[in-house]
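Modelling step: build the complete structure from the supplied sequences, incorporating the hints.
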Amino acid sequence: MTAFRALILRDLKLSLRVGGEALTLVLFFVMIGVIVPFAIGPDKALLARLAPGIVWIAAFLSMLLGLDRLFRADDEDGSLLLFRHAAIPLEAIVAAKVIAHWLLTALPLIVATPVLAILLAMDWDGWWRAVLSLLLGTPALVAFGALGAALTVSLRRGGLLAPVLILPLCIPVLIFGVGAIGAVGAGPAMLFLAAISLVVAAFAPFAAALALRAAAD
Amino acid sequence: MTAAAAARKPNWFSRLAHPGRFLAWSRPVVAPLAALTAIVFAVGLWFAFFNSPEDYQMGDMVRVMYIHVPNAWLSQFVYATMTAAALGTLVWRHPLADVAGKAAAPLGAAFTALALYTGALWGRPTWGTFWEWDGRMTSTLVLLLIYLGIIALWRAFDDQLRAGRIVAIVTLVGALNIPVIKFSVDWWNTLHQPASVFTAEGPKLAPSILTPLMVMMAAFTLLFATLQIVSMRTEILRRRAETMARQAAAGEGG
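Protein sequence lines correspond, in order, to chains D and B.
Mapped onto numbering that gives the first Met the number 0, the consecutive letters of the first sequence carry residue numbers 0 to 216.
Mapped onto numbering that gives the first Met the number 0, the consecutive letters of the second sequence carry residue numbers 0 to 253.
Just so you know, not all the hints are guaranteed correct.
[What the hints assert, rightly or not] A few chain B residues that don't get close to chain D, going by computed Cβ distances all over 12 Å: (1) G19; (2) L22; (3) A37; (4) I38; (5) W45; (6) W121; (7) G127; (8) T128; (9) S230; (10) Q246.
[As the list claims (entries may be wrong)] Some chain B residues judged to face chain D by a derived CB distance under 8 Å, without partners named: (11) L144; (12) A155; (13) F156; (14) R164; (15) I165.
These are calculated hints, taken from the structure and not from any lab test.
All residues carry an ideal CB built from backbone N, CA and C; glycine is no exception.
In structure tokens form, the structure reads like this:
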């Protein structure tokens, strides 16, 4: 457990001291919210209706962008090799990295949702449900992302491939995520979203660790 | 024969699947299989065009079914084949399994694309739309995207052995989509008609339609088998040629 916590802290410290990446991600997230009104016109009623979808698309794209560096840096400086021979199993290490990655990429986006809510004319209730659905759904995105990053870590030109691979798998998350923001049938959608997140977060570390091992030998 | 010798002697299945043996036994199989495919196709098309009734609502449009349903069936069958191959790669590290998986991916993508294409052609005059975001269509589209992702992943690796294991993991994860496609028409009651051929109570179609449909499905499945064997042979030979080129280059250098 100590090693597990140390790994999470290590990733958090690394990211905070290098700095800037979480902020860039939030900036990107908010910028999508800024661009959309230009693309579809500043009609407030229309924006409010599309807001759940836009929030999720923005979160989706921001998380896909951040995905590549989940294992890349560790692969480059050789930490990944050490992880494979560490005292705790590789699956636990992947799980720790998934938690750290969620804290670094998903949490800042959720904190930034009020800005998007104002830009997209969401009401108080809609914003609250958006935060809840992002909280429930983003763990699945990060877990799928870890799988994608692990699959492509040994590829030098794998940057775009990981999103292409995991996007089809993330579609259910998007369906229920947007459903959970909508006013009708939000309850069941929330439960489905939570179920997907739990299942994916439980299984993805094993699949990702398998992929990391397969990539290394 | 002692027990040790029996244990060492590979069973018939392993012998059949050894790449060299595979090349040997598959060479004489290809031509007859192709001929059989052509014959069954001829019979099936004759049934489909001249010896099956028109639909009382759709008229001649119903004949699209004889192309659409076999392709849709194969889109899932090929993925099941790839899943079996992926298990072979991951569990037994079987040398032929990743060749089979690699050969099947483009074929499956082609069948899925054809199923979507014929479905659109069929949907336009009968449902009045090329595309609808209905459960089965959406999940089939996701299947096509998964196929294309897998093909892209195969092409991204230089080392095909490593690619085999990585792609096998993706294939197994993507297999989650297959039951979704199969049951989509039961879970979401939407535009696409519910299961009518493979149901628990048996086929729900009239024999005059079911016979041509079954013949066409057999024809398309045979087509897949033929193409699969040919492309597996090509892939094995390509890998061999690559190895020989590398050996030749090493010989020149040394």
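Hint check results:
1. G19: holds (25 Å)
2. L22: With a cut-off of 12 Å, L22/B remains clear of chain D, as the shortest Cβ separation is near 27 Å.
3. A37: Answer for A37/B: holds, closest chain D Cβ roughly 35 Å.
4. I38: holds (38 Å)
5. W45: holds (39 Å)
6. W121: holds (24 Å)
7. G127: holds (25 Å)
8. T128: holds (21 Å)
9. S230: holds (22 Å)
10. Q246: holds (23 Å)
11. L144: Where the cut-off is 8 Å and the nearest Cβ of chain D is about 4 Å from L144/B, the hint holds.
12. A155: At 5 Å from the nearest chain D Cβ, A155/B passes the 8 Å test, so the hint holds.
13. F156: Given a least distance of 7 Å, the restraint on F156/B holds.
14. R164: With a closest approach of 4 Å, the R164/B hint holds.
15. I165: This hint holds: I165/B lies near chain D, its Cβ roughly 5 Å from the closest one there, short of 8 Å.
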